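> Below are the chains, spelled out letter by letter.
There are 2 protein chains.
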Amino acid sequence: MQTPDIQALVFDVFGTVVDWRGGIVREAVPFLRRHAPGTDSAAFADAWRARYAPSMEVVRTGGRPFVRLDVLHRENLLAVLPQFGIDPARVPADEIDALNLAWHRLDPWPDAVAGLARLRQRFIVAPLSNGNIRLMLDMAKRAGLPWDAILGAEVAQAYKPAPEAYLRTAEVLGLPPGQVCMVAAHNGDLVAARQCGLRTAFVVRPTEHGPAQTTDLVPEQAWDWQAPDLEDLARQLGA
Amino acid sequence: MQTPDIQALVFDVFGTVVDWRGGIVREAVPFLRRHAPGTDSAAFADAWRARYAPSMEVVRTGGRPFVRLDVLHRENLLAVLPQFGIDPARVPADEIDALNLAWHRLDPWPDAVAGLARLRQRFIVAPLSNGNIRLMLDMAKRAGLPWDAILGAEVAQAYKPAPEAYLRTAEVLGLPPGQVCMVAAHNGDLVAARQCGLRTAFVVRPTEHGPAQTTDLVPEQAWDWQAPDLEDLARQLGA
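Chains as they are written, first to last, in our numbering: chain A, 1254 to 1492; chain B, 1254 to 1492.
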């Protein structure tokens, strides 16, 4: 294995570092029990998440100024409730706020903390997530994710896969894009990162979307590295 | 002592958390030995630092767009060399770059790491420094400063004491200013923070400017807290 000329690893977080679906299901269960008994909380989590990409696309295409993901998540939550027979006007605002913060309380995949800790010995490690700073901060503090800094959409004021999200992150790090490696479980994220000149590492997360997942099960390009988990990636990178 | 309704502590760094003067003196010694033997390296450090505030003032007053502190430090270094008889054109660029990175390698005051670690158990802790993200990141990684996130001028795109530096930091944290406490060894920083509604904690650093320091030896207002060091502040805040 060549010694990579990489100074920093930047990470997709939702799905790559943490299990967003399991966390949202867990937090939605008591909420749904109160407001829509019998609802499939996994279907609810998937429906909420399904509004994620379209809501950012409005920002990416200039339809509205940049707003942090907490704002989009809350709007998406209010929009998804009627799909499950819940009238948002009848749910107290503090319950909405509390459920919205579920995204701040997601659990890492089992290898994530140990893998990041190893990688951090050799590289700068930071999220390059669409999650906002406070969201990433709360998640890291709760789960013990050992980031060197919290970068991403809010620092770049741009949502992935917009090129600005990747390029401004490299600029903040004071590095040429080729000395930064994007680590993600999503081929689309790596396509965009590679187009910006970043190196790429694919970590397969075959149950991010549940047991019937059909997407991102294999690398769709010859990424610079591919690994079953972050501890294995650390080993490959000599960390 | 009341239990404070504070969620986050944000820190001035140069002088409050780290000993910038001692670090710059240490790193300047071999440089000056090569280029201007016999130069007083403390005088050199003070002269370099003396250009810090004026260079940011140009940005604060709209004289130029925001640029990160690494850029200002380098410009200030080139400007200060002739004061010590050194022609910047005769110094290799990589030596200039290396000396400029001295600001990334400053040592913390003896209480800083332990104090921050204690405070972090109870509060969000982050720099609110005029230093840029990569500078703060390198410093933290080298010294083991346990920040939850790296905030400050580059995230806010504004240099202290501009109100935007404080207010945008609170906004990024998702907190009203009154739930954020500015910790600084400089009365002027706390004046500006208080005007923005932040709580204030003064930590006295009587040798930041060397043994003959005459400024910031005492609190000049009744700050919410005052402490001889960060471990004592942690004790006062119940952390």
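A portion of the hints provided could be inaccurate.
[To be verified] If the Cβ cut is set under 10 Å, some of the chain A residues that face chain B in the computed set are: (1) P1318; (2) V1344; (3) I1349; (4) R1371; (5) R1387; (6) L1388; (7) D1401; (8) G1427; (9) L1428; (10) V1457; (11) L1470; (12) V1471; (13) E1484; (14) D1485; (15) R1488.
[Stated by the list, open to error] Between beta-carbon pairs, the in silico distance windows are: (16) B/V1320 x A/A1332: 32 to 42 Å; (17) B/E1328 x A/A1367: 51 to 61 Å; (18) A/I1349 x B/E1348: 37 to 47 Å; (19) B/Q1374 x A/L1331: 51 to 61 Å; (20) B/T1467 x A/A1367: 46 to 56 Å; (21) A/V1324 x B/G1315: 49 to 59 Å; (22) B/R1375 x A/A1346: 24 to 34 Å; (23) A/Q1474 x B/P1318: 56 to 66 Å; (24) A/P1416 x B/A1396: 47 to 57 Å; (25) A/G1431 x B/E1328: 25 to 35 Å; (26) A/A1346 x B/T1467: 44 to 54 Å.
[Claimed, not checked] Residues from chain A that keep clear of chain B, each with C-beta distances beyond 12 Å, as calculated: (27) A1306; (28) L1331; (29) A1332; (30) A1379; (31) P1399; (32) W1400.
It is worth saying that the hints were derived from the structure and are not from the lab. Model, not experiment: these values are computed from the prediction. Beta carbons: idealized from backbone N, C-alpha and C, even for Gly.
> Run every hint past the structure and note whether it holds.
Hints versus structure:
| no. | hint | verdict |
| --- | --- | --- |
| 1 | P1318 | violated, 14 Å |
| 2 | V1344 | violated, 21 Å |
| 3 | I1349 | violated, 15 Å |
| 4 | R1371 | violated, 15 Å |
| 5 | R1387 | holds, 5 Å |
| 6 | L1388 | holds, 9 Å |
| 7 | D1401 | holds, 5 Å |
| 8 | G1427 | holds, 4 Å |
| 9 | L1428 | holds, 8 Å |
| 10 | V1457 | violated, 29 Å |
| 11 | L1470 | violated, 33 Å |
| 12 | V1471 | violated, 34 Å |
| 13 | E1484 | violated, 21 Å |
| 14 | D1485 | violated, 24 Å |
| 15 | R1488 | violated, 22 Å |
| 16 | B/V1320 x A/A1332: 32 to 42 Å | holds, 41 Å |
| 17 | B/E1328 x A/A1367: 51 to 61 Å | violated, 43 Å |
| 18 | A/I1349 x B/E1348: 37 to 47 Å | violated, 57 Å |
| 19 | B/Q1374 x A/L1331: 51 to 61 Å | violated, 35 Å |
| 20 | B/T1467 x A/A1367: 46 to 56 Å | holds, 50 Å |
| 21 | A/V1324 x B/G1315: 49 to 59 Å | violated, 29 Å |
| 22 | B/R1375 x A/A1346: 24 to 34 Å | holds, 27 Å |
| 23 | A/Q1474 x B/P1318: 56 to 66 Å | violated, 37 Å |
| 24 | A/P1416 x B/A1396: 47 to 57 Å | violated, 34 Å |
| 25 | A/G1431 x B/E1328: 25 to 35 Å | holds, 27 Å |
| 26 | A/A1346 x B/T1467: 44 to 54 Å | holds, 53 Å |
| 27 | A1306 | holds, 23 Å |
| 28 | L1331 | holds, 18 Å |
| 29 | A1332 | holds, 21 Å |
| 30 | A1379 | violated, 8 Å |
| 31 | P1399 | violated, 10 Å |
| 32 | W1400 | violated, 8 Å |
Violated hints for the displayed structure, listed by number in ascending order: 1, 2, 3, 4, 10, 11, 12, 13, 14, 15, 17, 18, 19, 21, 23, 24, 30, 31, 32.
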